[in-house]
Structures are given as structure tokens and as C-alpha cells.
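Peer 1: Sequence:
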Amino acid sequence: MIVVIPEPVTGSNLISSNIPEPDTGESAWTAGTYALGTKKINTTTHRIYQVVADPSTADDPLVGITKTPPTWVDIGPTNRWAMFDEVVGTQSTETGSIVVEETFLDVVNAIAGINIEGAESVNVQVRTAGDDLVYDTDVPMVNNSYVVDWYSYYFAPIIRRSEFLLTDLPAYLNAKIKTTISGLADVSIGALVAGRQVDLGVALYGSSWQAIDFSRKERDEFGNFTIVRRRTADLFDYDVSVNKPLFPYVKDILKSLSTTPCVWIGSPGQDDGTTVYGYYKNVQINISSPSILKCTIQVEGLV
Numbered sequence: 434m435i436v437v438i439p440e441p442v443t444g445s446n447l448i449s450s451n452i453p454e455p456d457t458g459e460s461a462w463t464a465g466t467y468a469l470g471t472k473k474i475n476t477t478t479h480r481i482y483q484v485v486a487d488p489s490t491a492d493d494p495l496v497g498i499t500k501t502p503p504t505w506v507d508i509g510p511t512n513r514w515a516m517f518d519e520v521v522g523t524q525s526t527e528t529g530s531i532v533v534e535e536t537f538l539d540v541v542n543a544i545a546g547i548n549i550e551g552a553e554s555v556n557v558q559v560r561t562a563g564d565d566l567v568y569d570t571d572v573p574m575v576n577n578s579y580v581v582d583w584y585s586y587y588f589a590p591i592i593r594r595s596e597f598l599l600t601d602l603p604a605y606l607n608a609k610i611k612t613t614i615s616g617l618a619d620v621s622i623g624a625l626v627a628g629r630q631v632d633l634g635v636a637l638y639g640s641s642w643q644a645i646d647f648s649r650k651e652r653d654e655f656g657n658f659t660i661v662r663r664r665t666a667d668l669f670d671y672d673v674s675v676n677k678p679l680f681p682y683v684k685d686i687l688k689s690l691s692t693t694p695c696v697w698i699g700s701p702g703q704d705d706g707t708t709v710y711g712y713y714k715n716v717q718i719n720i721s722s723p724s725i726l727k728c729t730i731q732v733e734g735l736v
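For the sequence shown, this note's numbering assigns the number 434 to the initial residue and increments by one for each residue that follows.
Any given hint could turn out to be false.
In the DSS-like style, the derived pairs of lysine-lysine whose C-alpha atoms are separated by at most 30 Å in a straight line are [claimed, not checked]:
(1) LYS472 to LYS500
(2) LYS727 to LYS684
(3) LYS473 to LYS500
(4) LYS714 to LYS677
(5) LYS714 to LYS727
(6) LYS688 to LYS727
(7) LYS650 to LYS714
(8) LYS688 to LYS677
(9) LYS684 to LYS714
(10) LYS677 to LYS727
(11) LYS688 to LYS650
Read the hints as simulated data drawn from the structure, not as lab findings. Here the structure is a predicted model, which is why all the values come from computation and not from measurement.
Let the sequences and hints guide you as you build the complete structure.
Peer 2: In C-alpha cells, the structure reads:
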């Protein structure tokens with residue numbers, strides 16, 4: 434059982450991205466008067482704001498969102514920064530490929546991509562502060578785990594992975610990590626998370642998964658359903674075996690992460706399915722024997 438504690442991405446450690454800001458369809462706010470419904474971005478906060486004042490406003494969006502009633506509202510991240518906003522459902526999108534290079538002062542030895550669409554492959558490279566290439570790995574994004582015979586090989590539909598996970602990055606201070614997500618058309622990613630991995634114990638059989646559906650389903654008097662489709666979140670209950678000497682360490686780590694979204698990994702592997710990016714809701718450690726403790730960690734995924 435591994436938890437990846439993410440390193441924050443800011444303007445100072447995002448070395449480069451092939452997604453511009455402003456991107457196509459985005460424009461930066463400058464002083465002036467804007468009509469109801471106008472959208473502008475702020476390149477400092479990397480957010481998109483929309484005018485809600487009728488008929489118009491001359492307020493700065495950062496001032497307008499604090500007024501009562503507001504004259505502007507925050508409607509989401511810019512395309513360049515959507516993959517870093519801790520919301521899986523908001524995606525960064527680019528045609529052909531997304532190329533991002535980051536650097537971190539602390540040690541980073543794991544990286545994950547969540548809610549990916551349209552990708553054929555992912556390449557991750559790590560370079561030292563002196564620009565020496567020390568890691569270069571490709572991840573195919575076609576999921577062939579369901580191909581079990583010749584019939585499925587020829588006739589089963591092509592299914593693409595929606596996430597990738599690498600937990601073997603070399604641990605270098607001030608390393609530069611370049612991620613390239615390639616596809617044939619538009620490529621999208623909801624979250625790109627890099628950080629330090631911490632081993633909490635061994636995930637056991639008996640761990641479980643369920644879906645939290647935020648859609649609304651209402652039946653009328655004739656039995657017909659009206660459905661409003663919304664997002665679905667993962668909910669994992671991990672049963673974990675923890676060595677007794679590690680109890681204080683594991684307890685302190687979990688306490689420190691109560692408000693931090695992390696990548697939780699039951700068992701590393703591209704198609705294992707036990708990876709979720711989110712917050713833990715509940716944790717309980719039972720001191721069940723002198724040497725081995727039984728821990729239950731409930732994690733709710735971001736949407």
C-alpha cells in the first residue's frame with residue numbers, strides 16, 4: 434500500500450508546457466467595461482472569470498468575485514493549468530500531444546496521470562539538475578488485459594487506459610521531469626501528479642471498491658425516469674497489514690494527510706485498478722497482535 438504525496442505545481446516550477454496561456458478561445462483581462470456573460474482569464478491565478486453583473490461591469494475580476502452581489506464568478510482553470518487544479522473532471526486538452534516539464538526542490542520518485550482521454554502513449558523522462566538523462570520510460574495507453582484469445586484479439590474494441598502510474602523514478606533533488614502524452618487527435622488529462630511515495634504496508638485481499646454516482650434519477654407518476662448525468666467518484670476501502678514498529682510513523686503520516694489530496698495505490702501496476710486520487714475519509718488501525726496491525730483506510734476519489 435503506497436501513498437504518493439504530491440508536490441504543488443506553481444509558476445516557478447512549471448518549466449514549460451506546449452499549452453499556451455491564454456490558449457485559443459481565452460483572453461486575458463485588461464482594464465475596461467465588460468458585458469454580462471463575458472469571460473476573461475487572469476494569468477496570475479490561472480483561472481477563468483465570467484461577468485454576472487447586468488448589464489456590465491468595470492471591476493477587476495479578483496475584486497468582483499468578492500463583492501456582494503458578485504460582479505464576476507470563477508468558472509474554472511485555464512486550459513494550461515487544468516491538470517494541476519486538484520479537480521479530476523477539469524481537463525487540459527491539446528491536439529496531438531501534451532508536453533509538460535516540471536522541476537521540484539524535494540525528492541520526487543513517483544508520477545501519475547488521471548482521467549486521460551485520446552492518448553496512444555505516455556513518455557516520462559527525468560533529468561538531473563545538470564541536465565543528464567537518468568530515466569526514460571514509455572507507457573502504452575492501449576489496454577490489452579481483456580484480450581484472452583484470438584477472437585478478442587481480432588474483434589474486441591480498442592480500449593485505452595484512462596490513467597498511468599510510474600513508481601520507479603530515480604530520486605534526485607532538483608530533478609527535471611518531462612511528461613509527453615501523445616495521441617492521434619485531441620489529448621486530454623484531468624490530473625498530473627508527481628510526488629514522494631510512502632509505503633504504508635501491504636494491501637490485503639478483502640479491500641473493496643464502489644462508485645459514488647452524483648447523477649440524479651427521478652421517477653414520475655408513470656414510472657418514467659428523468660436522469661441528470663453527473664460525475665462518478667471512486668470509493669476504496671483498503672485493508673492494510675502494517676508492521677507494529679511502523680505504527681507511530683504510519684499514524685503520523687495519515688494524520689498529516691487529512692486535508693491533502695494524494696494518489697493512493699493498493700498495488701502498483703498499470704492495469705491493477707486499485708489506484709485513486711483523492712482524500713481519505715476514515716482510517717482505523719486495530720492493534721490486533723504484537724507484530725502485525727490491521728488498518729482500514731477509506732479513500733474517496735476527486736471528481
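Peer 1: Could you run down the list of hints and mark each one as holding or not?
Peer 2: Hint check:
Restraint check for LYS472 and LYS500: satisfied, since their Cα atoms lie roughly 18 Å apart, inside the 30 Å limit. Taking the CA atoms of LYS727 and LYS684, the gap is near 12 Å; set against the 30 Å cutoff, the hint holds. Note on LYS473 and LYS500: the hinted pairing holds, with a Cα-Cα distance of about 17 Å set against a maximum of 30 Å. For the suggested pair LYS714 and LYS677, the alpha carbons sit about 23 Å apart, so the restraint of at most 30 Å is met.
Between LYS714 and LYS727 the alpha-carbon distance is near 17 Å, which keeps this suggested pair within the 30 Å criterion. Among the hinted pairs, LYS688 with LYS727 is consistent with the structure: their alpha-carbon atoms are about 17 Å apart, no more than 30 Å. Note on LYS650 and LYS714: the hinted pairing holds, with a Cα-Cα distance of about 26 Å set against a maximum of 30 Å. Among the hinted pairs, LYS688 with LYS677 is consistent with the structure: their alpha-carbon atoms are about 17 Å apart, no more than 30 Å.
As the CA atoms of LYS684 and LYS714 are separated by approximately 15 Å, the hinted pair is consistent with the 30 Å bound. Restraint check for LYS677 and LYS727: the C-alpha separation of about 10 Å stays at or below 30 Å, so the hint holds. Between LYS688 and LYS650, the direct Cα distance comes to roughly 37 Å. Violation of the 30 Å bound is thereby established for this hinted pair.
Comparing the model with each earlier hint shows a violation of hint 11 alone; every other hint is respected.
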